[in-house]
Amino acid sequence: MSLILCRQESVQTPYYIEELNIHIYSSQELCYVIYNNPLLVMEDFVDERLLTFLRSELKMPFLAERLSKWIAGHGLSDELLLIILQDCTYYNQQELIRFKQELAAFRKLPEEEYKKKRADYFYGLGLYGRSRTIYEKILDSNFRNRFTPDFKSSLWNNIAACHAKLFCYPQALRAYECAWREAGYGVSETDVSSHKSRSRAFIKG
Amino acid sequence: MDLCDNYTQLAVLGREETWSLPTVICRKKSTEEWCVGEEAYKSTLMGEGVIVDKLLSLAMKDGTSTIMGTKYEGAFLLEQFLQRAVDLVRTEYPETPVECLVISLKKLDRKLMDILTGCSTALKLPRERLHLASQTECFVFYVLNQRRDVWGGQVGMFSLSEEDLRYYELKVIRGSKKLTVWAEGEELEEGFNLSVLDTPSGARMADQILCACGERFLSKKIFSSIFLTGKGFTKTDWAPDFIKQICGGRRHVFTESSLFAFGAAYKGEEYGRESSPCPVTCICEGKLRSSVTMEVMKRDVKTQITLAAVGESWYEAKSVLEVIPDGQEDLQFIITSEQDPRQKRLIKIPLEGFPKRPNKTTRIRIAVGFSGENTMVLKIVDRGFGELFPMSGIEIRQEVRL
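Just so you know, the sequences run in chain order U and P. Each residue of the first sequence is one higher than the last, beginning at 1 in this note's numbering. Each residue of the second sequence is one higher than the last, beginning at 1 in this note's numbering.
Hint data in this document are derived by calculation from the structure and do not stem from the laboratory. As the structure is a prediction and not an experimental result, all values here were calculated from the model. In this text, a Cβ means the ideal position worked out from N, Cα and C, and glycines have one as well. Errors might be hidden in some of the hints.
[Claimed, not checked] Here are the simulated DSSO-like cross-link-like pairs (lysine-lysine), alpha carbons at most 27 Å apart as the crow flies: (1) P:K318 x U:K59; (2) P:K302 x U:K100; (3) U:K59 x P:K302; (4) P:K221 x P:K178.
[To be verified] Simulated coverage check for chain P against chain U, where a stretch passes if three residues somewhere in it have a Cβ under 8 Å from a Cβ of chain U: (5) 310-324; (6) 353-363.
All chains, please: the whole structure from these sequences, using the hints.
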């Protein structure tokens with residue numbers, strides 16, 4: 001039990017995170033977003049716009065400089081996120097270890113599964129278009145031959161769910177048919193209409 | 001500036017002469033023109049204007065004065081007086097802006113202090129350059145700006161004015177890094193009207209009264225020096241026995257009729273300094289006698305943050321900070337008394353009514369102020385957590401007796 005002393009951060013222009021549709025006004029909020037949205041921040045989150053925000057608005061020029069140097073020397077990596085969390089001291093050591101383990105666990109996943117997890121995450125945020133694009137890219141990838149029928153079926157199911165959420169019902173029907181076919185079921189008109197009536201556009205994780 | 005109900009004195013650092021004027025204001029009958037001090041008396045005697053006196057008392061009791069059919073509030077009259085009093089100095093130093101104005105008051109009354117700070121605009125001074133201090137504190141600053149042997153031991157002072165007879169005392173405790181000064185002053189029941197000094201028998205009686213006071217305060221203690229101030233001590237030949245008494249025991253004895261005004265000027269100099277080579281903690285009227293701290297995590301290290309320190313003027317002691325509770329459902333303030341630093345008092349304020357949110361997603365603004373030497377006023381506000389968890393606007397206001 002403790003109280004975290006907040007820095008004086010008079011942010012004039014907040015940092016907008018489009019995927020979450022929120023503006024960030026403090027280093028603590030930034031850390032909270034990073035910690036609770038690893039699948040969002042693991043790809044291209046630390047960019048020049050974020051560095052400018054750290055430097056000019058949060059008045060953390062040393063952190064921005066450290067991140068810049070890291071990117072110049074090592075390129076983009078998960079270490080950048082840990083540098084931010086460590087520097088802001090909003091999370092304690094135990095929490096940082098937990099976050100690091102979570103990132104490592106995601107990175108250990110086969111590429112298609114990691115990408116599917118990101119797509120599922122975006123679906124959860126209501127970004128159906130983006131998530132559908134990722135599912136489709138996975139299906140079109142070079143390593144699609146190694147996918148199990150169940151995995152393919154779940155991808156098609158999720159594409160169908162995205163279409164359904166976007167009110168594109170014909171495309172959703174076709175995707176559900178593919179999902180059923182991959183799962184080894186025969187598809188009849190009755191099956192599809194009954195599925196449509198029951199469907200609440202759930203995705204398979 | 002030493003501001004009293006009867007008189008006002010102004011001093012400028014580095015200048016021996018002072019300005020002294022009665023605290024009165026006069027409005028011309030024909031036009032809304034104001035004059036102060038002796039000029040006000042003159043104008044009234046000539047039948048040109050209407051005079052108002054006891055300006056501090058009038059302002060403090062929300063009083064008004066009607067002059068030529070116009071009702072003026074006491075606070076307004078006091079502001080007009082101050083403006084003209086400060087202009088006396090400004091006309092002699094037209095090229096030099098007032099760096100800082102310290103007003104010395106006999107009693108630190110909250111209402112009067114609010115009125116005076118509200119006068120900063122009329123005085124053409126930014127609020128942060130206008131300060132208030134008790135006469136006791138100005139006495140401390142005056143004494144500490146004298147040679148070291150003057151305040152090596154205890155220092156006593158008698159102040160005899162038309163208003164009262166007062167006794168002040170200070171003691172300096174030298175620490176390795178700073179000086180701590182304890183000072184106090186009290187009004188004596190034996191006070192007398194200065195007009196008694198006009199007759200030989202009255203003067204003899206006054207001398208006897210002072211001797212009795214001297215006996216009471218100065219015996220059994222070792223004093224380095226004794227100061228005499230106030231209009232009553234402009235001349236001391238009426239009190240030969242008292243002077244003989246206080247000059248005994250190898251004490252330094254000084255008379256300075258504008259001691260509080262000079263003390264205020266020295267205090268003003270202190271405000272202008274970036275840092276003092278030997279900081280002074282002054283504990284007297286108007287100063288906090290307890291410190292208020294909080295335990296917080298700063299860059300992952302547990303540390304105590306001071307919200308108000310011993311020796312700070314309660315009127316100016318204000319601090320604001322923001323914290324985020326990590327598993328904590330209350331705020332804890334540690335009160336430490338200067339008299340017994342080992343004895344700490346813990347004040348817990350539960351965050352009642354604050355919205356339930358995930359851990360570490362409630363930013364709390366804590367504003368600390370004081371409504372008196374012994375009363376801390378806390379304002380605790382829910383600031384939410386940005387757009388992730390918007391603020392609720394809930395706030396807790398609590399007074400804590402120190």
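Cross-check of the supplied hints:
{"no.": "1", "hint": "P:K318 x U:K59", "result": "holds, 25 Å"}
{"no.": "2", "hint": "P:K302 x U:K100", "result": "holds, 24 Å"}
{"no.": "3", "hint": "U:K59 x P:K302", "result": "holds, 23 Å"}
{"no.": "4", "hint": "P:K221 x P:K178", "result": "holds, 24 Å"}
{"no.": "5", "hint": "310-324", "result": "holds (count 4)"}
{"no.": "6", "hint": "353-363", "result": "holds (count 3)"}
In this structure, none of the earlier numbered hints is contradicted; all agree with it.
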